[in-house]
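Novice: Spelled out from the first residue to the last, the chains are:
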Amino acid sequence: GDSVTQMEGPVTLSEEAFLTINCTYTATGYPSLFWYVQYPGEGLQLLLKATKADDKGSNKGFEATYRKETTSFHLEKGSVQVSDSAVYFCALSGIKAAGNKLTFGGGTRVLVKP
Amino acid sequence: GAGVSQSPRYKVAKRGQDVALRCDPISGHVSLFWYQQALGQGPEFLTYFQNEAQLDKSGLPSDRFFAERPEGSVSTLKIQRTQQEDSAVYLCASSLPRTGYNSPLHFGNGTRLTVT
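These protein sequence lines are chains A and B, in that order. Position 19 of the first sequence, counting from 1, maps to 19 under my numbering, and the rest follow consecutively. Heads up: take any position in the second sequence, counting from 1, add 1000, and you land on my numbering.
No lab work stands behind these hints, which were simulated from the structure alone. Where a beta carbon is used, it is the ideal one built from N, C-alpha and C, also for glycine. Each hint can be trusted.
Cβ-to-Cβ under 10 Å is the rule here; a few derived chain B residues that face chain A:
id, residue
1, Gly-1003
2, Val-1004
3, Gln-1041
4, Gly-1059
5, Pro-1104
6, Gly-1108
Sequences are here, hints too, so could you generate the full structure?
Specialist: Next up, the structure:
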């Protein structure tokens, strides 16, 4: 079945540092890929998405490129801020999934210190 | 409404009690999902509705879990005879299209269930 693996946290960074969160997936065919973010005390929010190979999703300075050859969708940001402290979830929606059901990774907690 | 609304926000139940968790999806959204999120884990799929039809309930962990959406809008997740392992955050999400696997889901803030 479909699965998502992402690097375990917590990841602790200083402000303005470079952030990478690795995500790899297993799925049949060409799934859609997503990054969701969960800020403290808030619900899951869509951060960015990519729907086909070599697509780059971007939002709020974050980027991720859909790499079919490596089955990866790593999240990057060039200069993090304290406000980026949150839990980040990589997810996929497979072509055989009911509706647009998401399969999530375990989440990566990121803490940015001033 | 402006977003997916879930109630109650927090629920404490004694082991063996029944609980009911409510989800109000975004108005007009056809698809509705329930997820279970254990502490420190990613959300795990429970069940999926398209309007009032429950099309996938493969993620429900036992027959103590039951979900309904009788009029195709509000949904209720019911857990009978709660156990400590049921303690988790229960997330509801909705989406507009009936199909389209590249459409994002809109999540509520969840109900945190603690079974003592």
